[in-house]
Amino acid sequence: MSNGMVLRMNASNLATGDLAAFRDAYAQMMAISDNRGWIFFSGIHGQPQEKCWHHYRIGSSNQTEPVNLFLPWHRAYLLLLENNFRDLNGAAALPWWDWTSDLAHQEGIPAAFTVPTDPSGNPNPLLQGPTIASPSGSPTTSRNPDDPGNLPTVDQVASVLGLSSYTDFSDQLEDVHDALHGWVGGDMGIIASAAYDPIFYTHHCMIDRLWYIWQLQNGVNNIPASYLDLPLAPFPLKVQDVLNIQSLGYEYANAAVALNPNAAAAANVGVNT
Amino acid sequence: MARSYVSPPIDLGPQAAGRELRRADIEFEGVDHRGASFEARVFLNHPDADESTPKTPEQGYAGSFHVYGFGLPPEELRERDRAVAAGKRQGGAREGGDAASGPAAAAPPLGGEVKVPAARPGDAGLQAVARTPARRYVIATEAVRRAAAQGAAVTVTVVPVMTDPRPPGKQDRSDEPDEPLRIDRTAIVFYNQ
Chain U
700 MSNGMVLRMN ASNLATGDLA AFRDAYAQMM AISDNRGWIF FSGIHGQPQE KCWHHYRIGS
760 SNQTEPVNLF LPWHRAYLLL LENNFRDLNG AAALPWWDWT SDLAHQEGIP AAFTVPTDPS
820 GNPNPLLQGP TIASPSGSPT TSRNPDDPGN LPTVDQVASV LGLSSYTDFS DQLEDVHDAL
880 HGWVGGDMGI IASAAYDPIF YTHHCMIDRL WYIWQLQNGV NNIPASYLDL PLAPFPLKVQ
940 DVLNIQSLGY EYANAAVALN PNAAAAANVG VNT
Chain L
1028 MARSYVSPPI DLGPQAAGRE LRRADIEFEG VDHRGASFEA RVFLNHPDAD ESTPKTPEQG
1088 YAGSFHVYGF GLPPEELRER DRAVAAGKRQ GGAREGGDAA SGPAAAAPPL GGEVKVPAAR
1148 PGDAGLQAVA RTPARRYVIA TEAVRRAAAQ GAAVTVTVVP VMTDPRPPGK QDRSDEPDEP
1208 LRIDRTAIVF YNQ
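Quick mapping for you: the protein sequence lines, in order, are chains U and L.
Here the first sequence is numbered in my numbering, starting from 700 and rising by one per residue.
Here the second sequence is numbered in my numbering, starting from 1028 and rising by one per residue.
Don't take every hint at face value.
Said to hold, decoys possible - Partial list, computed: chain L residues near chain U (C-beta under 7 Å):
hint	residue
1	Pro1035
2	His1093
3	Tyr1095
4	Thr1190
Read the hints as simulated data drawn from the structure, not as lab findings.
Just so it is clear, CB atoms sit at the ideal spot from N, CA and C, and this is done for glycine as well.
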C-alpha cells in the first residue's frame, strides 16, 4: 500500500507477491457460496440481479430523463469487489489492463489471466470464473479474443482524454469500453454474462483509471450537478460519494506521470513505481 | 446478424461548406442494443458498404461505434417484436422505425424525441434498460468535411459487424434475425464555435 492507500497497479507488471495475493483473493472468493462469494457478486452486474449501468437510461421511477451513470456505477462496483478481496487477503488490490500498451498489442490479454496454472501448479483462478449466466450453458466462462492488433491505440485513448465535457468523455470512453468487451468475446461479449470472467474487473480498472486521469486534468467534481445525488443501486453510495478515489481509499500507480501534456504518452504508461 | 442500415439522404445545408468546421458528429437514436454485441461501422455516401469494405477515407469510412449488447436471444427478440406489432404492451421493441433524417441542425436534448416507455412497477434491471433505446454518436469531422466537398447531401450507412458472444465451437448463426439494423433517427450535428 502507498501511504495507507490501496495502490492499484498494471496487471502486466505485478510483483510476484502482489499477483499471488490477487490470485488468492479470487480463489477464495470463488470458493464461497454465500453473498460474499463470486457467483453472488458477479451476478450483481448482469444476470440474475441485473444492476449494471450502461449508457443512458431511467434509473428510478421518479426520473423523467435518462442519465448515464456508467463511470460512477462501475467505480462503486470495483470498490466493493476490492473491499471483498481485502477481507479475504489483506494484500490484494485490483490491477488494470492497459490494452493500449505495446505489450497488449502483442499478447492481448495479460499473461497472468491466460496461463492455466499458478506457480504452484494449481488451476489459475484468473483464467476463468464459475458462472450461472453463460450463453453456452457452461459452468465456467470462456473467451474468444480477437487479434491483439485490434485493441484500442494510444492515440484513440488520447483523443478521448482530450474531451473536456464530462458527458462527451464518458460517452466516448464507454464506446472504447464496449469495443473491448466485444474484443474479448465469449462471456465477456454480452452484458448478461461478462462479470463472471475475472478479466472483467481488470478491464474496468483501466476504464476507472482513465476516468481518474481525466479528473486530474478536468476536475474531480466535473460531472453534471444533476447526477450528484443519484443513488448507485444496489451499493450504499451516491454519485457524489465516488468522485474522489483518495476518499475511497485507493489510488493508481504512476498517475502523476500519466498526467502529461502529451496525452498520447500519458495513456501508455504501464510501468509501476 | 442484422443487415446494414442506410439512411435517407441528409441535407448538410450551408453549415458544412465555406465555414470553419470545428467538429461534426453523426448521431444515431433508437439503436437496438437488446441482442448481440457488434461494431457499427459508419460510412458516408457508400450505401453498398458491407463487412468487407475497407475502413478508409476513400471508402467513406467515418468511424465506428460499438454496441455492448444485453444478449437477449434472437427468439425472444422476435417474440417481443411480434407482440409490439400486435399492439400489445411490450418492452423494448420499436416497431418499424422510419429512419427519419435530421437536418444539419442541433440535435434535440437527449430523451426529447426518444420515447422512453413508462416503467412498470418493479420494472428494473435488464428489462428496463433494454427497453430504453440507445443513443450513440461518432465524432466524424473529417469524414463529414470530405462528404460536404462532394455534394450537399449525404447518406449514412451503418454496417453491423458482430463480435461473437459465443464460445469457440458454437458459431451457428442461422437463428439470428436477418433484417436491417434498427436505428430510429440519424442526424449530423455541427459545432462551429
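Contradicted hints - numbers only: 1
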